[in-house]
Amino acid sequence: MSAKTNEPFTEEQWLKFVQQKQLKFVECQDCHKMSVIPFAVCTTCGSRNITWKQASGQGSIYTYTITAVPPPELQAIAPYVAGVVELQEGLRINGIITGVENVNSYPADLVGKTVSIEFLELDRKSILAFRLNA
Amino acid sequence: MKSELDRIAPPLRRNPVILGVAQTTFTGGKTRTRTLRDLAGEAATEAMMEAGAKPEDIDLLIVAQAAGGIALNQLHTAPLIAERLGLVGIPSLRLENACASGSVGLHTALTAIEAGWADNVLVVGTEVLSGIPTAMIQKMISAGGDANYEIPVGATFPGMYAMFGTRIIHEQAKGNFKEGMEALAHIALKDHHNAVYNKKAQFPISIEELAQKRGVNDVWAFLNDPKTNPVVSWPLRLFDCSPTTDGGAACVVSATDSALSFSSAKHAIKIIASAQTTGDLPQCVAPTLTSLPAARQAAKAAYKRAGIVDEPAAIKKRVKVAEVHDCFTSAEVLALGDLNLFPQNETLRAAKEGRTAVGGEIPINTSGGLKAKGHPIAATGIAQLFTLVEQLLGKMPPAVQVKNIDLALAHNVGGTGGSACVNILERL
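Sequence order for the protein chains is S and R.
Position 35 of the first sequence, counted from 1, bears residue number 35 in this note's numbering, the numbering being contiguous throughout.
Position 119 of the second sequence, counted from 1, bears residue number 1119 in this note's numbering, the numbering being contiguous throughout.
Check each hint, because a few of them may be wrong.
[Said to hold, decoys possible] BS3-like, lysine-lysine: derived pairs with alpha carbons at most 27 Å apart: (1) R:1178 - S:125; (2) R:1178 - S:113; (3) S:21 - R:1178; (4) R:1139 - S:16.
[Said to hold, decoys possible] Using C-beta positions, here's what the derived DEER-type ranges look like: (5) R:1266 - S:123: 57 to 67 Å; (6) S:103 - R:1004: 38 to 48 Å; (7) S:16 - R:1049: 23 to 33 Å.
[Claimed, not checked] Far from chain S, some chain R residues (derived; all Cβ distances over 12 Å): (8) 1156; (9) 1237; (10) 1358.
These are calculated hints, taken from the structure and not from any lab test.
All C-beta atoms in this analysis are idealised placements derived from N, C-alpha and C, irrespective of residue type, glycine included.
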């Protein structure tokens, strides 16, 4: 870990980034393993030469669901689309999918549709989301 | 370093056997009628009686318990249950691997026997979820997911199994949801058909009969009506989901060389393979969402340990009946592929064509499965063994008894595949 950084390679830091409306991942500078779950020592090659990278925020829907029965915290936006997005970098991440029309009438297969990152603001918390590209 | 096989599916050199196994009736509802201790006590007492085991025969108590800490404010369940069973004074532990807790309990018992630490182990799974507010139930079920990567972005448990379903329908049915959802509904119909014969099931009734009771004669009209079968998380609807359940299950596992094995037990069922492994959590990190890699890895190891060639026809020649983890209908589709009972791209079709019904190529969930029998989270893995032992002993009701059984298989998954177990049983 570089001595100057005040951005430790921890899950807590990843969560802070999300609150700052940034999607980041760690990359090993030696074997180039990438992970959305941060590590300070590479879990593949053991290197300590790790860095935070900013995700491009561009990707496509790998899979999704339309949730009619939401958890209490997401009642305000239900029914909503939740998905797994495959980022251009090749990593996958869970997020809310926005910009889907006629959610209630269950639109045709959205798998493979391209999306761009955005962050929703709910109860003063930032939530990772992706908007369906027009 | 150990080989992958030895690490995941230990050699079981002491030839472990199940001497007794029991489950309580599974129930649900708004009012609580039994406690964790009641359910564990009832199942364990019955299992010990069948095994001819007295409290002083038991060397180790393993309690599988998942939700008590959140839902009932009850932890430390191993001594709680030891007290009920007269097992104070022996080692005990409680373990939690979400919905796979029961099978991980069995696997841990086998490793204790393998190590020579114990000769006879009592494994008890117990769960109480009735009388708990819905919001609390949701919170409890979500606790098997990832609190930072999944839950805040709306990935509920039905939602995550719906996402497996979507990807399967995308790949196997070219995104035709009507066709895909019909195939999933066939799994629910089959499970409920089997549950009719299970006196201990939470829903011992067919969906056809349920529809008729509500004045609908056409079961497909009933299943396609959003009023009777509402969407929970598209493409999963109400009848694609297992219920919340109270229940207990227990088994006595022993080394064949222990005195108990041949003295007072009524019968013995050999465990010829027990595989347990770990998969990705969160779900999104997994290399595929049309398979649970941990379940596939556990199945491969279990087949290898049991001397079964890992190829669909060869497996079905030996394994004649299986209980699989169908917490949602999409989970049963995953199981059919991960156990390699059907090619990965044919699993939806196999379910739809009745190839997994009694009388089909490989009867799956003759108990009614988690879907209709009920799913008392930590008790589920042991309850699967109860049904398989009944099958192997020829004690199932004739309508669901599979004939000429060689081997029986249990497949139990925790969360969205973070934990997976496969056990293979044989009648001695």
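For each hint, the structure was consulted:
Straight-line distance between C-alpha atoms of residue 1178 (chain R) and residue 125 (chain S) comes to about 37 Å, which puts the hinted pair past the 27 Å bound. Distance restraint check for residue 1178 (chain R) and residue 113 (chain S): the Cα-Cα separation of roughly 20 Å lies within the 27 Å cut-off, and the hinted pair is therefore satisfied. For the hint pairing residue 21 (chain S) with residue 1178 (chain R), the CA-to-CA distance comes to about 38 Å; that exceeds 27 Å, so the pair is violated. Between residue 1139 (chain R) and residue 16 (chain S) the alpha-carbon distance is near 23 Å, which keeps this suggested pair within the 27 Å criterion.
For residue 1266 (chain R) paired with residue 123 (chain S), a C-beta distance near 59 Å keeps the hint of 57 to 67 Å intact. Our hint of 38 to 48 Å for residue 103 (chain S) and residue 1004 (chain R) holds, since their Cβ atoms are close to 44 Å apart. Look at residue 16 (chain S) against residue 1049 (chain R): about 56 Å separates their beta carbons, and that is not inside 23 to 33 Å. At the 12 Å boundary, the C-beta of residue 1156 (chain R) falls inside the reach of chain S, the nearest C-beta of that chain being 6 Å off.
Its beta-carbon lying about 9 Å from the closest one in chain S, residue 1237 (chain R) breaks the requirement of being farther than 12 Å from that chain. Residue placement check: residue 1358 (chain R) keeps its beta carbon more than 12 Å from all beta carbons of chain S (closest about 32 Å).
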